[in-house]
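> Residue strings, one per chain:
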Amino acid sequence: MQPLALVVALVVLVLGTVVPFFTRQHLMPEMITSHGGTIDNQIYITMFITGAIFALAQFALAYMVFRYQAKGQKATYVHGIWWVEVGSIVSSGILFIGLNLMGQGVWANMHLKEPSRQATEIEVNGQQFKWYFRYAGNDGIFGDRSAKLVDDASQNFMGVDYENDKYAKDDVVEAAIKVPFDRDVVVRLRSRDVIHDFFVRELRVKNDAVPGLEVKIPFRVDKERMYKFDLSGVTAATLDAKDVSAVKGAFESHGIKVTDNAEITPIEFKGAGGKVIKRWEFKTYAYSLYDPVNKFWPLTYSIFDEGGVMKVYKTGYEVVCAELCGNGHYTMRAEMEVVSGEEFDAWLAKRSEECKSYH
Amino acid sequence: MEYVWYFLLFAVLAGVWFGLIVGGAASWCALCAIVGRANKDIVAFLRGELAKPSDGAHKDHGMAENYVVWGALLFFTLLEVGLAYIHLPLLIMLVTLLGLSLLKAALIIGFFMHMKFEKRSFAISIIPATVVTILLLNVIFPDGLRSNAFREENVPEEHADSGEGH
Amino acid sequence: MSVAHDVEEEHEVHVHQEPKEFIWKYIFSTDHKVIGKQYFLLAIVAVVIGLGLSLAFRYHLATYTPQGMFLNPDHYLQAVTMHGTILVFMVLTTAPLGGFGNYFLPIQIGAVDMAFPRLNMLSFWLTLLSFLVLIAAFVVPGGPPVSGWTGYPPLSAINSATPGMGLGQTLWVGSIAIFCLASLVGAINFIVTTLDLRARGMSLMRMPLSTWAWFITAIIALLSFAVLFAGGLLLILDRELGTSFYIPAGVVFGAKELNHKGGSPLLYQHLFWFFGHPEVYIAILPGMGIVSHILANFARKPIFGYNAMVYAIAAIGVIGFFVWGHHMFQSGMSPYVAVAFSILTMTIGVPSAIKTFNWLGTLWKGNIEFTSAMLFALGFVSLFVSGGISGIFLGQNAVDIYFHDTYFVVAHFHLIMGVAAMFSIAAGTYYWFPKMFGRYMNEPLGKLHFWLTFVSVYSVFIPMHIMGLWGHPRRYAGFEYAFLNDPMIPSMHNMITAAAFVAVLAQLLFIFNYFWSMYKGAVAPENPWNGTSLEWITASPPAFDNFGGKEPVVNHGAYEYSVPGAEKDYIMQTDPPEAAPHAAAH
Amino acid sequence: MSEAAATADTAAAHAPAASHGHAPAPGGNLWDGGVRPLGAHSKKFGMWLFIVSDSITFAALLFAYSYVRLSNVWPTPFHGHSIVTSTAMTFVLLSSSLTMVLAVDAANKKLRDKAVLWTMLTALGGLIFVVLHTMEWLGIINDHLMPLIKAGEETKSGWTMPMVWGTFFAATGMHMLHVTVGVGYLVVLALQYKNGKFKAIDIEVAGLYWHFVDLVWMFVFPLIYLMSAKI
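Chains as they are written, first to last, in this note's numbering: chain A, 3 to 361; chain B, 121 to 286; chain C, 2 to 587; chain D, -8 to 222.
Capping the alpha-carbon separation at 20 Å, the derived lysine to any residue pairs in SDA-like fashion look like this:
#1 K244(A) with I279(A)
#2 K132(A) with A483(C)
#3 K448(C) with A523(C)
#4 K257(C) with D163(A)
#5 K34(D) with L120(C)
It is worth saying that the hints were derived from the structure and are not from the lab.
Using the sequences and the hints given, assemble the complete structure.
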């Protein structure tokens, strides 16, 4: 009775654990960075190997339990078999260390390589239960900052030295992060009080923001990984008319629930040389499970007109804090929007001018 | 295959790290060996075939060598203090001071603490584990240097006049 | 000094009579058996509190709404912190090592008592003091700390980081410091006892694996708690005396810059994890030893690869010191150091694999009896595999980028360090209870306990792995995020909470069984499981001096089961050499 | 008679009346049990293990000091008279180690009164060290910390200690705690040894502790004082 039950339990355990992974129903969210694929591959390889070991070990345990349950037989007097033991040492050693070495390339790319000089730098500042992001502005140089100048009342959360440093005047500080796709980006993680952790699931980026330390994490968002589907039969005019009903069917057929207050916003910037950069932002909302009336989160998509084809990309993501930072730890979030490089430049130029005139 | 270079780098790093730890332990043991002749019975210890149980634990040795050791300790201390009076570069100072201190520690352990007269198995059971554990803490220094690179203010308020590098 | 003088001094160590008064016999006892039971009782009290806290925050997560939270976020984090601290320090460190180790290590090596009985008492009372100081954090203004069981500064170093709290955090650090002293004293005692007080013939390679595990664990404790002590000391200084070891310049709270400057939070993390990783092995190694001991007994077979098992325990002990950085891959630590730590971390999989392999080998061609103790030991093997395998993810620096501080980590360390260690404690209790109290524990209740626990803990922690894959960060008091707004998350939390309630209630069953059997259980003989090691030649419960004035002489290895040509299917360690002519020479 | 009882009887038949610490079984191996394989008294071994652990604690403190020193520009606040005082303290401590050696030697030769005398002298050395050190502490607190505290009261809510003094008090404070405990230990030991309650081995064990405290100072003194000296 006991051995049989144990066998059943172990088999159920293995099947219940391994099968969902193989059906890929319960894995990581989609990934949008160029290094994310290598991390995911490493996870899948590890998952495959460890899954096999897991299943083998549990099945072996089940087999031993069932086959050698006490039925009056005499146990065999064995103290061990040397080649089995040596074999297990050597094979597990090669397997585990080899697996690890395979993953070092990802790490090296992320942490050991000097980030590209052309990379867009964004300073990420963690403070208790809020993220703030700073861009160097039009001059491309971050102004000085000092903890002495921190003044929440006048919105100077990072202590940027607007008074004395000419580079600081055009710095842009935002509560949401805007990231250009198909460009190298470096986030400079800093914290002004306790340890926070910058985590964006889809970027496969996670690192602590430590007070007194600046950690640079490079990444590059690939546009094609954000791609969702084409809107066939929809024209720019329809989108300009903000006609949600025209695209509702297409979105819902791809599993994106379109809420009643979903909206389309045309977004237009004048880029370098007067070039018009245009896209349509499609926002639908996820009602909070806990507060279906007031609380909702935007799920942001962007529609780009690419040679007459309307293509939908997911452009709204979420920055999370993954290191315990106090009572409000679970509320510390920020929105991340991924935009084209041109739009990013145009937006930054505009904001930078605004900020400069303000200071 | 740029990763090949990274792997090589890792190998060197791991080698340096292990080298630091094992080398440190070995040099400490060598120091103890000079003071306490630890080189003798190691193989025998590993095989568990040590000499008589009460071997040398209380070997009769004169007090004279203790006075000599005391004198040497005082002398080394004076030497160390003297170093502070002639202004050496900080790194040389550190290495010399640590070297002298290790020597003094070896003298204290070997003679005052009787390790020289204990069975070698006793020393081998205790000292290498301690030294390796302590040396493992070396791994924190790269982060100390990182913090140094990101330090916001370079000169402490107090004693700004007397600050002269670290 | 003459040899004669030495001998004269030798005897005083062992000459102590059994005290008659209640207070000296049961409260301030120097008897290792009483102290072992005291540790065990402490662990039971602590486990009830710790698991109660876990139910509180599990219930909070299952019923969470922003309007009506069961606990407010402060209390949630306090519950999480105290749950972790109490279980890691007061249960997983005390029960397997302080409890079983104290009781059975001297008996298994044939000693009359520990080497330093009074220090042994001191270490228990220091542990109790540490526990009381920790519990006192509940009643001081502001309550217990919110900084997690790891207590990372600056959150834990600066009062204004968590307004309204302060003294609780100080008590927490103080408690940890006292616990370090207690563990230090205990570790010294274990090491000296194991090396010096073995009975004649009890060579190192004849010691039961449980003794080996306690011995190695004590060495780990000796070397690692020392560093935590230093780390805790500096944290107290930072909190109380305004030093800045862990606080860098430019830290701002409430828009005001602190005066501190020059420290680094990474320093604390290094000092903490230098202890923290070996601590994991302090919790689990005794469990491995106990389980090996029980598997051999009920499979009626010698341990498969005894020597390999010993070397594996020792290797885990050594490598455990070389890998602490894998807790800090994403902490801003030097990435070069992370690479070295990652590779070293993987090597620890090798001895772990050997152990699993040899446990399976021990079962292979055995004659397995399914007592409650054996069921828990088998459950341990299963959990050790499940929990260990996810360590392969977390030990890789690249993969850890995604998994760090998610529920995946929570699931991993709970399976291997929490639940597996609990299984070994339960296995040890069912196995040794007849020796400790002269009565069996109730078997049907024990089996019920096993099945409820086995099923429920897997139902708690396997879903947590999946939530970790989704990226659910740990220590979240609520779900204010879009991606946590997926209806799957609350339903997973509900399921986990339900399973957690079952798991905790099953432990109450166990505690009931424990106390009930103490008085009502069936009377057990000296050697109820036909075991071979020295604890089974003593009376049940053992005499005050363990062997009733006789001194055992050991002639066999610890696991001589089913020796061909022998009369019985087990050869006790004290049986004369002729009893088993075909036994392997050890 | 049960099997277990039978084996117990067999064991008893084989067991000599000997206790631990004696010769190994004939032809046997030191590690075979029934004997202390390391050849040292258990108390001595225990004290050594304590020293192992404590030295790691001190090492961690000094490593923490080195770590923060690496990441900061470090002042050199120790001038002539501090160095002279601390050198004198070092000499006192080293000499007290010598008297401790003499005490152990006397105890091993069963010269009870002499052993008590030397132990008390050692304690006296420790006491002098503590007094000198406390004076130095008070001086530092007066010269360097009180002004800061007062300034702190005026301007900012919390007061803080500059890193150089934080490390100084942490390292020397921990050491001074050990010296103070050691003085108490030695005094109690000497009195109880005189009464015959403690044995020579206890003096030897206390000596180990005392030499260890001395040994730690051999690292604290150069690292804390001499490395930050400006004369």
